[in-house]
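Turn these sequences into a full structure, and let the hints steer you where they fit.
Top line first, the protein sequences correspond to chains A and B.
When we follow the working numbering, the leftmost residue of the first sequence carries the number 245, and every step to the right adds one.
When we follow the working numbering, the leftmost residue of the second sequence carries the number -11, and every step to the right adds one.
Note that these hints are calculated values from the structure, not bench results.
All values derive from a computational prediction rather than experimental measurement.
Among the hints, erroneous ones may be present.
Calculated cross-link-like contacts (lysine to aspartate or glutamate; reagent style EDC-like; alpha-carbon spacing at most 20 Å) [what the hints assert, rightly or not]:
#1 Lys613/A - Glu50/B
#2 Lys557/A - Asp41/B
#3 Lys95/B - Asp159/B
#4 Lys418/A - Glu393/A
#5 Lys548/A - Asp73/B
#6 Lys72/B - Glu93/B
#7 Lys72/B - Glu551/A
#8 Lys271/A - Glu544/A
#9 Lys38/B - Glu624/A
#10 Lys95/B - Asp153/B
#11 Lys462/A - Asp451/A
#12 Lys95/B - Asp73/B
#13 Lys418/A - Asp294/A
#14 Lys95/B - Asp77/B
#15 Lys418/A - Glu624/A
#16 Lys557/A - Asp77/B
#17 Lys365/A - Asp451/A
#18 Lys418/A - Glu551/A
#19 Lys548/A - Asp70/B
#20 Lys518/A - Asp451/A
#21 Lys557/A - Asp80/B
#22 Lys95/B - Asp200/B
#23 Lys557/A - Glu417/A
#24 Lys557/A - Asp73/B
#25 Lys38/B - Glu12/B
#26 Lys95/B - Glu166/B
#27 Lys38/B - Asp80/B
Computed list of chain B residues with no C-beta within reach of chain A, every gap over 12 Å [unchecked claim]:
#28 Thr96
#29 Ser99
#30 Leu136
#31 Thr143
#32 His152
#33 Pro182
Quick reminder that beta carbons are idealized off the backbone N, C-alpha and C, glycines included.
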Amino acid sequence: MSVSPSADTLAPPAGRTVVLGSVEPLKLDSGVELGPFTMAYQTYGALNADRSNAILVCHALSGDQFLAGPNPVTGRRGWWDNMVGPGRPLDTDRYFLICSNILGGCMGTAGPTEINPATGKAYGLSFPVITIGDMVKAQKLLIDHLGIEQLFCVIGGSMGGMQVLDWAVRYPEKVFSAVPIATALRCSAQNIAFHEVGRQAIMSDLDWCDGDYLAQGKRPERGLKVARMSAHITYLSETALHRKFGRRLQDRPKVSFGFDADFQVESYLRHQGKSFVDRFDANSYLYISRAIDYFDLAAEHGGKAAEAFRGTKTRFCVVSFSSDWMFPTSESRALVHTLNAVAANVSFCEIPTDQGHDSFLMEIPDYHKVLAGFLNGAAEHRGLTRR
Amino acid sequence: MNGAQNGAAAIARGIRLDLQKIAELVKPGSRVLDVGCGDGALLYHLTHTKQVDGRGIEISQEGVNACVAQGLSVIQGDAETDLKDYPADAFDYVILGQTLQAMREPKTVLSQMLRIGTRAIISLPNFGHWRLRLKLLFTGRMPVSDALPHNWYDTPNVHLCTIHDFVALCDELGIAIERCYTVSAKGSIREVRPTSSAANLLGSEAVFLLRD
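Pasting the structure below:
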């Protein structure tokens, strides 16, 4: 798919949208009020008569609302296609799935690429800085709009997992069960550091135009590509990289004594960067990565994360992956200890795999079995019958 | 085969004798923590026959994954380090089946169990059983039996004790023994006085209901 440097390449794709915050604007953590604003979302399966089978799926940094089936922007299958469908953990014969593009995103929900109704121009950097909490507050408006009193489950990996935790803390009575996957109670210094590398790559690109590239008919593709390349390394493990590419050369018998992509791993990263640029917005990347940096549940509760969960009735299932060094098992274990400290109902599994942080997107039999089993157990407690 | 079928199969098979006795001691609808819950057989049994609010801790990843896949609330963790995270009196019963003797610090674990639970239920192999005594006496070798199937060099049981040893520890810690049962080598279960010498001789395993 080729992309011409203009704003309309990132126009909202086909899908469902709703205007929220019309009656009362959304109060952001920064103090800014946002509204009315658009939210793009997709649903899968059917809502049951007593509206008790809804699962909110929270997507990660580079995800979107197109959970399963063909993605109209990329032409590829949805990012969690292997998890969704009859007989799969997110069983559409049993559950009603909702996935919305996050606040600050670039797939139809209000973000820096969207038109500011007040000015008639794209927000760009005039879009307010947002937090994980703001994303969740916006999702809550969508859930209210859909007339759902309580979500059967909120589930998500990575930044999606942070939203899951924020949901469970902010609206405990609305979350029957919560599945935070490959995530943490707060963003680590190392992750902030990697985000900063990505942001600097974008902002160093002259085509970024101090954030005003849309108005100037440009896109900071080189910067965004480098940001994605560096981030992509953090999603994999050393073992998986070695297994996939080793030191193998790319379509050549020997090294070129130059700076072309001699190695397969270089070629792979360049491809990942390029395909990301085709579907993602650079300013969105700045805003979303910043929201992750700011996430710290303990800080919001007087330094004690356990206080955030005190009295919770939500059933938790925490999942980590053995080779994830971006959100290592130790972070999930800290979350589990926090939940134990308030005697919360929690399950915790570490899935053995060498596929790194990206494992949460993969079809790993143990992982899917655990999720399906947990959801099934929770559904029995919630009184959800199979259709 | 899905998780529910696995669990149902476990019930149909019947659970281990000491676990059956433990299950009998648990009041319906109570809050239970099963420490070292293995593949979740007892927890599944308690959840489905006694409607308990059940949780588990299990050290092996395979065990945890099997439990969670059955819909049980189980975390991967080490009882020796993780029990301290729980608040006091979070459970009505904290259960430890055939595991105390494998702990590095059984005394601490026992105290922690009765801090976070109103009652503790513990089952143990009895090293005072007459067969073990005779084996040591006549062969001069470390006894190996059905209840203690390991050799001295590969056993996980680093802190074996007799019923009387355990009773002495409870005395020292100020723990009240509310009930004591022995399981004979042939599988018959009887309630006994914990200080009974006959029980210490004839019981292959013992089950204790404890209270702080």
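Status of each hint after checking the structure:
At most 20 Å may separate the alpha-carbon atoms for a hinted pair to count; Lys613/A and Glu50/B meet this at roughly 12 Å. Between Lys557/A and Asp41/B, the direct Cα distance comes to roughly 12 Å. Compliance with the 20 Å bound is thereby established for this hinted pair. Of the pairs offered as hints, the one joining Lys95/B and Asp159/B holds, with about 12 Å between alpha carbons and a cut-off of 20 Å not exceeded. Pair hint Lys418/A plus Glu393/A holds up; C-alpha atoms about 7 Å apart against a cutoff of 20 Å.
Distance restraint check for Lys548/A and Asp73/B: the Cα-Cα separation of roughly 14 Å lies within the 20 Å cut-off, and the hinted pair is therefore satisfied. At roughly 13 Å between alpha-carbon atoms, Lys72/B and Glu93/B fall within 20 Å of each other, so this suggested pair holds. Distance hint between Lys72/B and Glu551/A is fulfilled; the C-alpha atoms sit about 17 Å from each other, no more than 20 Å. Restraint check for Lys271/A and Glu544/A: satisfied, since their Cα atoms lie roughly 16 Å apart, inside the 20 Å limit.
For the given pair, Lys38/B sits about 16 Å from Glu624/A by alpha-carbon distance, which is consistent with the 20 Å threshold. Simply put, Lys95/B and Asp153/B have alpha-carbon atoms about 12 Å apart, close enough for the 20 Å limit, and the pair holds. Distance hint between Lys462/A and Asp451/A is fulfilled; the C-alpha atoms sit about 6 Å from each other, no more than 20 Å. Between Lys95/B and Asp73/B the CA atoms are separated by roughly 17 Å; this keeps the pair inside 20 Å, and the hint holds.
Distance restraint check for Lys418/A and Asp294/A: the Cα-Cα separation of roughly 15 Å lies within the 20 Å cut-off, and the hinted pair is therefore satisfied. A threshold of 20 Å between alpha carbons decides the hint, and for Lys95/B with Asp77/B the separation of about 18 Å falls inside it, so the pair holds. A threshold of 20 Å between alpha carbons decides the hint, and for Lys418/A with Glu624/A the separation of about 18 Å falls inside it, so the pair holds. Under the criterion of a C-alpha separation no larger than 20 Å, the hint pairing Lys557/A with Asp77/B is consistent with the structure, at around 17 Å.
For the suggested pair Lys365/A and Asp451/A, the alpha carbons sit about 18 Å apart, so the restraint of at most 20 Å is met. Our distance criterion of 20 Å between C-alpha atoms is met by Lys418/A and Glu551/A, whose separation comes to about 18 Å. Of the pairs offered as hints, the one joining Lys548/A and Asp70/B holds, with about 18 Å between alpha carbons and a cut-off of 20 Å not exceeded. Pair hint Lys518/A plus Asp451/A holds up; C-alpha atoms about 16 Å apart against a cutoff of 20 Å.
Pair hint Lys557/A plus Asp80/B holds up; C-alpha atoms about 18 Å apart against a cutoff of 20 Å. For the suggested pair Lys95/B and Asp200/B, the alpha carbons sit about 13 Å apart, so the restraint of at most 20 Å is met. A distance of roughly 8 Å separates the Cα atoms of Lys557/A and Glu417/A; the hinted pair therefore holds under the 20 Å criterion. A C-alpha spacing of about 18 Å is found between Lys557/A and Asp73/B, which places the hinted pair at or below 20 Å, so the restraint holds.
Only pairs whose Cα atoms come within 20 Å are accepted, and Lys38/B paired with Glu12/B is accepted, the gap being roughly 9 Å. With a CA separation close to 19 Å, the supplied pair Lys95/B and Glu166/B stays within the 20 Å bound. In summary, the hint linking Lys38/B to Asp80/B is supported, as the alpha carbons are separated by about 13 Å, within the 20 Å threshold. Every CB of chain A is more than 12 Å from the CB of Thr96/B (nearest about 17 Å), matching its label as outside the interface.
The non-interface label for Ser99/B is consistent with chain A: the shortest C-beta to C-beta separation is roughly 17 Å, beyond 12 Å. Distance check for Leu136/B against chain A: the nearest CB is about 31 Å away, which clears 12 Å, and the non-interface claim stands. Even its closest Cβ contact with chain A, about 27 Å, leaves Thr143/B beyond 12 Å, as expected for a residue assigned away from the interface. No beta-carbon of chain A is positioned within 12 Å of the beta-carbon of His152/B; the least distance is around 34 Å.
No beta-carbon of chain A comes within 12 Å of the beta-carbon of Pro182/B; the shortest separation is about 30 Å.
The structure is consistent with each of the numbered hints, conforming to all of them.
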